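Visitor: Protein chains in written order, with numbering that gives the first Met the number 0: chain A, 0 to 134; chain B, 0 to 717.
These aren't lab readings, by the way, just hints derived from the structure by calculation. Some hints here could point you the wrong way.
[As the list claims (entries may be wrong)] Here are some of the chain A residues that sit facing chain B, going by a computed Cβ distance under 7 Å:
id, residue
1, Ile56
2, Pro60
3, Thr61
4, Lys62
5, Gly81
6, Cys82
7, Phe88
8, Tyr91
[Stated by the list, open to error] Covered stretches of chain B, going by a simulated chain A footprint (3 or more residues, C-beta under 8 Å):
id, stretch
9, 242-250
10, 257-265
11, 327-333
Just so we're clear, the structure is a prediction, and the values are computed from it rather than from any experiment. For every residue, glycine included, the Cβ atom is placed at its ideal position computed from N, Cα and C.
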Amino acid sequence: MRVLSYAAGRCVACRTCEEVCPETFFDETSQDKSRIRIHEGRETHRAEFCNQCGECIDVCPTKALARSRRGVVRLEDPLCVGCLSCVGFCPYAVMFWHSDEVVPFKCIACGACARECPEEALEIVDVEEPLPLGA
Amino acid sequence: MSISKKAETPRRVLAEFSYERAAAERGYTGQTLYVNVGDGTIESRPVTETMKEQFIGGRGFGLYRLWGGVEDDTRWDDPENEIVISSGPCGGITQYPGSGKSIVVSISPLTDIPVDSNVGGHFGPLLKFAGWDALEIQGKAERDVIVVIDGRSGRVTVEEAVEVPVDTHLVGHWLIDQMAESDEDRYYMSVVAAGTGSENSRFGCLNFSFYDRHREAPRFKQAGRGGIGTVFRDKGIRAVVVKSGPVSGDSNQPADRARISKVGSQLHREIFEYDDEQNQMRKGGTTYLVSIMNDYDLLPVHNFRYGSHPEAKKIAGDVWQDLFTQGIPDGCWYGCTMACSHAVDQYEVRTGPYQGERVIVDGPEYETIAGVGSCCGIFEPWAILEINFYCDTYGLDTISFGTAMGFVMECYEAGVLDQEKTGGLELSFGNAEAAIEVLHQVARGEGFGSIFGQGAHRMKDFFVEEFGADRDFVEDIAMENKGLEYSEYVTKESLAQQGGYGMTNKGPQHDEAWLIFMDQISNLLPTFEDKAEALHYFPMFRTWFGLCGFCKLPWNDVVPPENAETDEPQKIPSHVQNYVELFSGVTGREVTEDDLIEQSETVYNFQRVFNIRLGKGLREHDAVPYRSMGPVTVEEYESRAERYDKQLREDLSVDPQGMGTQEKLAALRAHREQQYEKLLDAVYERRGWTPRGVPTPKKLESLGIDFPEVIAIVERFL
Numbered sequence: 000m001r002v003l004s005y006a007a008g009r010c011v012a013c014r015t016c017e018e019v020c021p022e023t024f025f026d027e028t029s030q031d032k033s034r035i036r037i038h039e040g041r042e043t044h045r046a047e048f049c050n051q052c053g054e055c056i057d058v059c060p061t062k063a064l065a066r067s068r069r070g071v072v073r074l075e076d077p078l079c080v081g082c083l084s085c086v087g088f089c090p091y092a093v094m095f096w097h098s099d100e101v102v103p104f105k106c107i108a109c110g111a112c113a114r115e116c117p118e119e120a121l122e123i124v125d126v127e128e129p130l131p132l133g134a
Numbered sequence: 000m001s002i003s004k005k006a007e008t009p010r011r012v013l014a015e016f017s018y019e020r021a022a023a024e025r026g027y028t029g030q031t032l033y034v035n036v037g038d039g040t041i042e043s044r045p046v047t048e049t050m051k052e053q054f055i056g057g058r059g060f061g062l063y064r065l066w067g068g069v070e071d072d073t074r075w076d077d078p079e080n081e082i083v084i085s086s087g088p089c090g091g092i093t094q095y096p097g098s099g100k101s102i103v104v105s106i107s108p109l110t111d112i113p114v115d116s117n118v119g120g121h122f123g124p125l126l127k128f129a130g131w132d133a134l135e136i137q138g139k140a141e142r143d144v145i146v147v148i149d150g151r152s153g154r155v156t157v158e159e160a161v162e163v164p165v166d167t168h169l170v171g172h173w174l175i176d177q178m179a180e181s182d183e184d185r186y187y188m189s190v191v192a193a194g195t196g197s198e199n200s201r202f203g204c205l206n207f208s209f210y211d212r213h214r215e216a217p218r219f220k221q222a223g224r225g226g227i228g229t230v231f232r233d234k235g236i237r238a239v240v241v242k243s244g245p246v247s248g249d250s251n252q253p254a255d256r257a258r259i260s261k262v263g264s265q266l267h268r269e270i271f272e273y274d275d276e277q278n279q280m281r282k283g284g285t286t287y288l289v290s291i292m293n294d295y296d297l298l299p300v301h302n303f304r305y306g307s308h309p310e311a312k313k314i315a316g317d318v319w320q321d322l323f324t325q326g327i328p329d330g331c332w333y334g335c336t337m338a339c340s341h342a343v344d345q346y347e348v349r350t351g352p353y354q355g356e357r358v359i360v361d362g363p364e365y366e367t368i369a370g371v372g373s374c375c376g377i378f379e380p381w382a383i384l385e386i387n388f389y390c391d392t393y394g395l396d397t398i399s400f401g402t403a404m405g406f407v408m409e410c411y412e413a414g415v416l417d418q419e420k421t422g423g424l425e426l427s428f429g430n431a432e433a434a435i436e437v438l439h440q441v442a443r444g445e446g447f448g449s450i451f452g453q454g455a456h457r458m459k460d461f462f463v464e465e466f467g468a469d470r471d472f473v474e475d476i477a478m479e480n481k482g483l484e485y486s487e488y489v490t491k492e493s494l495a496q497q498g499g500y501g502m503t504n505k506g507p508q509h510d511e512a513w514l515i516f517m518d519q520i521s522n523l524l525p526t527f528e529d530k531a532e533a534l535h536y537f538p539m540f541r542t543w544f545g546l547c548g549f550c551k552l553p554w555n556d557v558v559p560p561e562n563a564e565t566d567e568p569q570k571i572p573s574h575v576q577n578y579v580e581l582f583s584g585v586t587g588r589e590v591t592e593d594d595l596i597e598q599s600e601t602v603y604n605f606q607r608v609f610n611i612r613l614g615k616g617l618r619e620h621d622a623v624p625y626r627s628m629g630p631v632t633v634e635e636y637e638s639r640a641e642r643y644d645k646q647l648r649e650d651l652s653v654d655p656q657g658m659g660t661q662e663k664l665a666a667l668r669a670h671r672e673q674q675y676e677k678l679l680d681a682v683y684e685r686r687g688w689t690p691r692g693v694p695t696p697k698k699l700e701s702l703g704i705d706f707p708e709v710i711a712i713v714e715r716f717l
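Chain A on its own, in the form it takes in the complex (with noise of 0.2 Å):
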């Protein structure tokens, strides 16, 4: 399945993945649209994003979840009723949800993050199981 894939330290937390990612879907830079969110340590950071894990699949109860041919755990905004099931489940809470959008969002592994990132921290990779979280 195709990830987002993070290498913590190659991070510096210069924050520019929250600024790519909700230019890429909603046309602004508001950090709390991003779908990825990178948490700053004293040594190490730490970033949370969606692993494609799947199992907000299953908790949809209009069927708007599911798996691209990618592998890739996608929502079908036309068929989400707003509901918010898979923010409250999702194992790793990287499901979001914001004050000006009806229907959640998360991390399809666009890349769009990646490829913007100056340290090279960010990739997207083809993997078989889910990554850990933030890995």
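Mind docking chain B on chain A? Use the hints.
Guide: Leaving out everything else, chain B in the frame of chain A:
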């Protein structure tokens, strides 16, 4: 699955009404729909500010419209009786679990007073999104009709019921075959139906559908209590269909969506984290209660004689978890991650007209298991499923069926009934086949089933008058109050819950108060004042769910770990605050916890006065059968002799040594009946009622419902 339409049945329109669909705004569309199936009148009626301020929605709107539609002497089968369906301002939000309920109100064939029944399924929210805060049905059709409300085209029709089936599971197939014009249509429509059993009994229920996208089939939830299905069929209605068009997280147009999203996502998380270690609602729904009730001697066994049974493990939660299909989001409205609406798929029907069919059985829930199971001495899961399926499709309330059957079985074993009187049926405890045959007879309106279909209250008179039964005996053991059969908890050791049932406005249903653990197990209500306070707060708080379109279960069937450290853990303070946020967030009206209670108090007192208006609602109508208070028979006393002897010694200062069981029974009874009267005194005082149970004008004035016609009712009893 995509729609492959069968040949469409021609539709014969008898009455028609066009309207412009009003979008919901802060939870209200601002209009209700009136349909008279007798004379064909269809019209829009405005929702006034008084309605929104004083009656809120849901049950409040139902009672308000019903009050205006009926006379003091209206009975259930008069044309002016109404069926009112309303969800409430928060009904239809998708973000918070348990926010899609409909509340149905009508004059009950069982009690002759208003009944309110809270039901899942999609009808209420979709009705709102089709443009209506409530549906008010009046009149009686000459020939059977259907009512179709199409919010997309802005058209309401009353149509002749051409080839529309009566039994609900068939109506589900009909809905998809005949009413869905596209795949998407299936998602956004809902039907209300009853069944053939509703035609021949007083405890008919209504089934409310929702389309299960995972099973690709319509499913049903039941407005079970009080016989509204009977009213529905008496009006000549086979189905009411609503179509709304697509639903989104914004369909209810809340004032502050972020506010409700915040508490909604928080509760989803609580359920995710704690449900599995708490009640496992997501795996088994309310079936977990069977073993708890059995352990605490609260499970009704053999018509409430006992509270536990060695065979209860055969019908306990783990058994049902194995039978339910797991891994499907079984919410009865979008976003309910409590997901208790489980089903047994591919159940093969064993008896009756649908023998051999493979069907979805919606449930069973705890009340059904305890009612048609342990209360009747039936501990076989297949029999419970069979009765559950047939009660639903025939449109019969499983609680009334189970409690009334328990009464009949005890009468049979006591010799009040025999095979000659039952038409050859051996109706002893545990005889599932005989109970199922009565169920089919009810649907056919035949044999003993036609007597049984009258319900426990009327069977008492029938058994006395026709079969020579002892009046005192049947009065003691028939578990009914105001004409409604009890729901499924043994209350002998909880005085507060005896009152919780006895004082319930519609009759003994536990949705107003469930105080057994607080009272009996935790001893948190030692004084009459404590009990009265609980019988004020909890009925008012729980009533509030039905004003707004909420389900009670997400309030206390999962709790955050820190709840135990709060001052009043039994109230689940953090969840109460959620409801404050939700009401404020939807309506834009800032409220406090106290405001929620006052909103309920208004509607609750109005309903009490409504009961008085129709001839009940006084102290004498809050009397309960002695079986709910204590042991009626020697056998019952002796089964728990140690407990009762101890009470005689400690509570009555009576030495049971040397006393015969009859003597001990009498002493205990005198004490318990006296305690109950003291409880009524304390609760009435707390509620601002007279000793006769009548709300005072001062109380009604403080609640803003001192309307002249309301005051005129209570003044007759002051």
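Visitor: Hint by hint, note whether the structure agrees.
Guide: Here is what the structure says about each hint:
1. Interface hint at Ile56(A): violated, since its Cβ lies 10 Å from the closest Cβ of chain B, which is beyond the 7 Å cut-off.
2. Interface hint at Pro60(A): satisfied, since its Cβ lies 5 Å from the closest Cβ of chain B, which is below the 7 Å cut-off.
3. Annotation: interface hint on Thr61(A) holds; nearest CB of chain B at approximately 6 Å, less than 7 Å.
4. Annotation: Lys62(A) was flagged as interfacial toward chain B, and the flag holds, the nearest CB pair being 5 Å apart, inside 7 Å.
5. Interface restraint check: Gly81(A) against chain B, minimum CB-CB distance 2 Å, threshold 7 Å, status holds.
6. Using the Cβ-Cβ criterion of 7 Å, the hint placing Cys82(A) at the interface with chain B is satisfied: the shortest such distance is roughly 3 Å.
7. Because the closest C-beta pair between Phe88(A) and chain B is about 5 Å apart, less than 7 Å, the hint holds.
8. Because the smallest distance between the Cβ of Tyr91(A) and any Cβ of chain B comes to about 12 Å, over 7 Å, the interface hint for this residue is violated.
9. Evaluation of the coverage hint for the stretch 242-250 of chain B: fulfilled, as 5 residues show C-beta separations to chain A shorter than 8 Å, against a requirement of three.
10. Residues of the stretch 257-265 of chain B with a Cβ under 8 Å from some Cβ of chain A number 5, which satisfies the need for three, so the listed coverage holds.
11. With 3 residues bearing a CB less than 8 Å from a CB of chain A, the stretch 327-333 of chain B meets the requirement of three and the coverage assertion stands.
Hint compliance for this structure: hints 1 and 8 are broken, all remaining hints hold.
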